[in-house]
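Undergrad: These protein sequences, in sequence, are chains A and B.
For the first sequence, position 240 (counting from the first letter as 1) is numbered 239 according to numbering that gives the first Met the number 0, and the numbering increases by one without interruption.
For the second sequence, position 3 (counting from the first letter as 1) is numbered 2 according to numbering that gives the first Met the number 0, and the numbering increases by one without interruption.
Just so you know, the hints here were simulated from the structure itself, not pulled from any lab data.
Just to be clear, a hint being listed does not mean it is correct.
[As the list claims (entries may be wrong)] Output of the computed footprint for chain B on chain A, the stretches with three or more beta carbons under 8 Å from beta carbons of chain B:
hint, region
1, 44 to 52
2, 90 to 98
[What the hints assert, rightly or not] One side of the interface only, derived from the structure: several residues of chain A facing chain B at Cβ under 8 Å:
hint, residue
3, F20
4, V251
5, A252
[As the list claims (entries may be wrong)] Stretch by stretch, here's where chain A covers chain B in the computed footprint (C-beta under 8 Å, at least three residues):
hint, region
6, 9 to 16
7, 65 to 75
8, 159 to 172
9, 221 to 227
Glycine included, each C-beta is placed from N, C-alpha and C at the ideal position.
Below are the chains, spelled out letter by letter.
Number of protein chains: 2
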Amino acid sequence: MANSPSGESVINRVVRVLAAFTDDHPAIHLRQLARAVDLPLSTAHRIVAELEVEGLLERDSGGRLRHGHRLWELASRGSRAASLREAALPAMEDLLAQTGHHVSLGVLEGTDVLYLERLTSDGSTVNITRTAGRLPVHGCSAGLVFMAHAPEADQERFLHRRLNKLTNATVTDPEHLRGILASIRQSGHCSMAGIIVEESSGISVPVFADRGQVVASLTVIVPLGKEDLPVLVPQLRMASRAITRRLGFDPVAAGMQRSSM
Amino acid sequence: MANSPSGESVINRVVRVLAAFTDDHPAIHLRQLARAVDLPLSTAHRIVAELEVEGLLERDSGGRLRHGHRLWELASRGSRAASLREAALPAMEDLLAQTGHHVSLGVLEGTDVLYLERLTSDGSTVNITRTAGRLPVHGCSAGLVFMAHAPEADQERFLHRRLNKLTNATVTDPEHLRGILASIRQSGHCSMAGIIVEESSGISVPVFADRGQVVASLTVIVPLGKEDLPVLVPQLRMASRAITRRLGFDPVAAGMQRSSM
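Same shape as in the complex, but just chain A (with noise of 0.2 Å):
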């Protein structure tokens, strides 16, 4: 339907023209905008008025396009995302008050870990997340409680992906990543040290929603050395289940034993 001459849909355009948009450039030119997506400027011309009648690109007073909160808008109504957010908020802010490190909140896409909240903890440690940002599932210890609870075709096609080191502590050796997984599933927690930036550790939890399907990765961050697990992970879980049931869910029966630490 409505493709180009190269075979590109209207549709698969309009998406990079407002991926271009990021939040270290939340403001563009027309002309830089076409470059950045490569298409000739009367394309991009054409695409972005469009945009404009429909609200979801304005311009600034300097002649800048940038994303409508038309944009937002459609986006946050009927949103899973922003549901999952919203029920999360309060849990993370008990978490983040109690334990005076960051706090986030990941969902799977594909290979990655996407991030919908992460709250900040000032004067704590390194932390990279951002909300709206992604990580790599073997990079983080979200995405490892992910891989930990997936079902196990796509574990195994994970352990035989080439996977990259991103610090020296990033595991990639598929044997050593099979027991890592291992234990995630018996311990209910995943504690990984330096494995994204060196001067951090992620403490993460599933957040069950029914019949054990995890939906949500809930992590504290933490300075490395500082993995007071004993103290920690009670937390995490506290704070997992009254997500699980701000949800709708019933911690129990969703998923999370009364476990042992």
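Here the structure of chain A is known, so what remains is to put chain B in place on it, guided by the hints.
TA: Relative to the frame of chain A, chain B by itself:
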């Protein structure tokens, strides 16, 4: 570009399809969707198939369509709405904790206030605002704050529009409204009782950015009769200044005088 025989653009149809999903109807079958957006089933099918390829829609286990996390991600990166919300959240939480009232943050979108965030105080009064929901400008204290600080031409257009009564207390008379706008500019806040639902009052202050530009309205929603302005307005102002500062502006230079109350 790429218009259908009926002259509609693909982009307009995509927006209609995505907008069919709401908090009340987050998951829809294709047939329902086609009916809801008034498109032939075959057309809806083609658009949905492309949106699925891009990850903007996905199917649940029952075959129903819903927004994909990718749509939320696309709209959240580089979004002014998301960064404004993020800058405001800590001050909004403090306001909720200190006052015990609902707190909301809205931006002006045409003739509506679009709410970027709403924090709920359990057991407080009726609050009909929703995150990503809208209220008409004349039906909420947040909207009247925007109008009071709008360019004169916009104010005149607003005053001469035909406004409908939402409750008995909704002000629709142009001269009465003109007086309210003047008093908002003079006092620096807006307190309106029962203008959208009879049980609740809204108290709003502007959030300023550079050179006195009002980028948002910050509101507490209190039970009717509990409008304790001498206590609440200074707290609203404290929160508003904190948001202005977090946005990177100097609250004094941005237009917040050391105002009397």
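Undergrad: Now, for every hint given, state plainly whether the structure supports it.
TA: Results for each hint:
Coverage of the region 44 to 52 of chain A by chain B holds [criterion: at least 3 residues with CB-CB distance below 8 Å; count 5]. Proximity of the region 90 to 98 of chain A to chain B, defined as three or more residues with a beta carbon under 8 Å from a beta carbon of that chain, is not established by the 1 residues found. Checking F20/A against chain B by beta carbon gives a least distance of about 3 Å; that is within 8 Å, so the hint holds. Nearest Cβ of chain B to the Cβ of V251/A: about 22 Å, over the 8 Å cut. The hint is violated.
Interface hint status for A252/A: violated, as the beta-carbon distance to the closest one in chain B is roughly 18 Å, over 8 Å. A count of 5 residues in the region 9 to 16 of chain B with a Cβ less than 8 Å from any Cβ of chain A is obtained; the coverage claim is therefore met, three being the minimum. For the region 65 to 75 of chain B, the proposed coverage by chain A is satisfied: 10 residues have a C-beta within less than 8 Å of a C-beta in that chain, meeting the threshold of three. Using a Cβ-Cβ cut-off of 8 Å, 0 residues of the region 159 to 172 of chain B lie near chain A, which falls short of the minimum of three, so the contact claim is violated.
Check result for the region 221 to 227 of chain B against chain A: violated, 0 residues qualifying (beta carbon to beta carbon below 8 Å, three or more required).
Hint violations for this structure: numbers 2, 4, 5, 8, 9, all remaining hints satisfied.
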